[in-house]
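2 protein chains.
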Amino acid sequence: MTGTMISIEEAQERLLGFVDVLGKEEVPILDSPGQVLAEDVCSEIDVPPLDNSAMDGYAVRSGDTEGASQGSPRLLRVIDTVAAGYVSGQKVTPGTAIRIMTGAPIPGGADTVVQFENTDEVQRREPTAGKPITEIGILHETEVGLNVRRAGEDIRKGTLVLAEGTVIRPAEVGVLASLGKTHVAVISRPVVAILATGDELVEIGQPLPAGKIYNSNTYSVAALVRRYGGIPRILGIALDTEDSLVEALRQGLDADMLITCGGVSMGDYDVVKDVLAREGEINFWTVRMKPGKPLAFGTIKGRDRTGASKGIPLLGLPGNPVSSMVTFEIFARPAIFKMMGRKSWDKPAVEAVLEDTVTNRDGRRVFARAIVEKRDGQYFARITGSQGSGVLTSMSLANGLVIVPEDTAEKQAGDIVRVMMLDWNEEVV
Amino acid sequence: MTGTMISIEEAQERLLGFVDVLGKEEVPILDSPGQVLAEDVCSEIDVPPLDNSAMDGYAVRSGDTEGASQGSPRLLRVIDTVAAGYVSGQKVTPGTAIRIMTGAPIPGGADTVVQFENTDEVQRREPTAGKPITEIGILHETEVGLNVRRAGEDIRKGTLVLAEGTVIRPAEVGVLASLGKTHVAVISRPVVAILATGDELVEIGQPLPAGKIYNSNTYSVAALVRRYGGIPRILGIALDTEDSLVEALRQGLDADMLITCGGVSMGDYDVVKDVLAREGEINFWTVRMKPGKPLAFGTIKGRDRTGASKGIPLLGLPGNPVSSMVTFEIFARPAIFKMMGRKSWDKPAVEAVLEDTVTNRDGRRVFARAIVEKRDGQYFARITGSQGSGVLTSMSLANGLVIVPEDTAEKQAGDIVRVMMLDWNEEVV
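Going down the list, the protein sequences come from chains A and B. Residues 1 to 429 (this note's numbering) make up the first sequence, in order. Residues 1 to 429 (this note's numbering) make up the second sequence, in order.
A few of these clues could be false.
A pair holds if it fits inside one copy or across any two, identical chains being indistinguishable in the list.
Derived pair list, reagent style DSS-like, types lysine-lysine, alpha-carbon separation capped at 27 Å [said to hold, decoys possible]:
no. : residue 1 : residue 2
1   : 374       : 338
2   : 181       : 343
3   : 293       : 374
4   : 157       : 24
5   : 273       : 91
Derived from the structure by calculation, the hints contain no laboratory data.
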């Protein structure tokens, strides 16, 4: 397939064909958000475990409240007080009541709870200050079951609570805790090894000799890996020789995926594809998109987590800083999400009114960096100045990418365009 | 103010009045996403540092290409090859060319780059296999500056690159790396100490005695703290006594904020507000919202990061699992974002067609858990079954909260409602 220009969708499909859902691991529930449940979670308990009170008040027999009113209180003898977390040893019999706090189990014999506001509790509290209340006046009739939360109302013992495939968020963490679970089985996070290539690159923090530039791709790509739930492993910088590249890649052959930045265009020093051909299976493409035309993909001989021999997917991103970020979103992100067991990986997109002109000279799908704003319920997109693919600051200004389809030569100011959102800030919505 | 019911906006304003933007810290650039720049970042270098080639080709003097065409190539002597990261020691003089790779500095004397495709490079490469090309035919006229990326095109030395207050994302990480920076000054992440209160609570992983329930709030709240960029510190479970609470809170008095879950309603065992009154300044409110009416807020005597005495903001969330999550979003989230230096903290919201009925019995603002879907460009919201505030699984099913305003008694199926989005999944947009 070397050399043939293919569509984005075809490239995604081929790439994902080489990428598998990872195995499962047990993690502490607090570390699990963003990961995908690897098993059905059923409850071994009722939640709540017992019928309990939804209010602070008096647990009574509803029959004892018949005819009660402000003018004609029904007086009941108070035989106990029960707080959340305790079980009363007493039973409510006709003519008696148990003072009960929110969350406390409903005592035997009671079938309803009269909240404080519907009793003369407040008047009685003052005079007895400190001493327990021994008698209470009920001021309203109440029906059976009022203010009673039923055992298993939230979760019934034995039922499926969270299904395999659920993406864990804070609410799911709370549900797992409410079942008493400290750990949960989830699909592992992929380890993504990142290697920058190029004799021109200098590591950050070092002095910059003439003709050299700082290696930025490793860091923007590592931040993206982490953002989407993966674990970045930085392999540093390889020189533009096959030996240097092979040597550096060796440190990443037990990763779940390898990403290289640079070394995939047509120059003499573009060695990623040569190494792929030598050390694995190459699938070098040019993709019908801009930025990001040259893309290398293949598998390289490595080891899985058990140490067994395995082809590790290697994605060779272009070295241009903007191209590497855009191709990451289009190709690496779906791969990471698939490995993590997620079922969908489209970025959010909106329809917006374009405020500039974007041209498409050679029939590729153009992704133009844009600032999207919502004004009066309508999205507007304006282009962030220079679209040179070396201009990383334009990526920093942007929160979206205006899409110009392959068959469209130009989108003009006023046209409605589709915008892939890079960041879904509160300000946008 | 104890006892008076106030609006959500007033409660937010009062709370945020007690919360300050934190100090700054230096962090490795890869750890900075989500944090806010604490200083202007100016560049000490041009990016790129030198004029360089945007293509693989030949660096030439444009005058030497005049009249060049397929039928009448202009022959130039090739005097050197230069790759990215290297500076040629040669100068392009009339009649000469230097072979140049993408990213390599433009050699002295040259003013343009002719890409390989516009030369007879390919024909010459085969026969000379391995041997350097000594002569090249230029097949097209080229203009001055073509295929040349100018020094400082992305970032000019001395200019402001990222302004104080910028929220760092992967693109900003890349920009910082391109300047050679390993660390960056950002506003610190707040340490949020979390304490669950209640005699009924049992720690996860322990056996569950009769009448007890597992502590889930600590974990859903800790997951939320982390989600919004804070650092949760778990203080465990306090019993419903002032002594137990004070003892437990002592472990959190050097945190940036304290959150308690439970102990804020009207029952005898609701001690958070008593402790606040004793150990600090209390500001106990009931807020015109449902779920989440009872909310305690105040400051408690503690220490700042330097050890100096300081009032630590304490937010007492209701103990009900759903109420604690909803009030967290409305109150704790803005507080965390303000401490982190962020300027905005509204959750994304959409207008949706309601598919069920939501009633509002007592003039509070109702937040009803809902599943929001987009169908044919329109959002629809259906309610997730039981709205009992103990029913945490309904929070797990939901991705949004349908808002019924204080002055509206009911929203019916077919009405347009505003929905605060809890999770902005790709599936929704």
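Tested hints:
{"no.": "1", "hint": "374 - 338", "result": "between (32 Å within a copy, 23 Å between copies)"}
{"no.": "2", "hint": "181 - 343", "result": "within (25 Å within a copy, 37 Å between copies)"}
{"no.": "3", "hint": "293 - 374", "result": "neither (31 Å within a copy, 33 Å between copies)"}
{"no.": "4", "hint": "157 - 24", "result": "within (25 Å within a copy, 49 Å between copies)"}
{"no.": "5", "hint": "273 - 91", "result": "neither (80 Å within a copy, 32 Å between copies)"}
Hints 3, 5, counting from the list given before, are not met by this structure.
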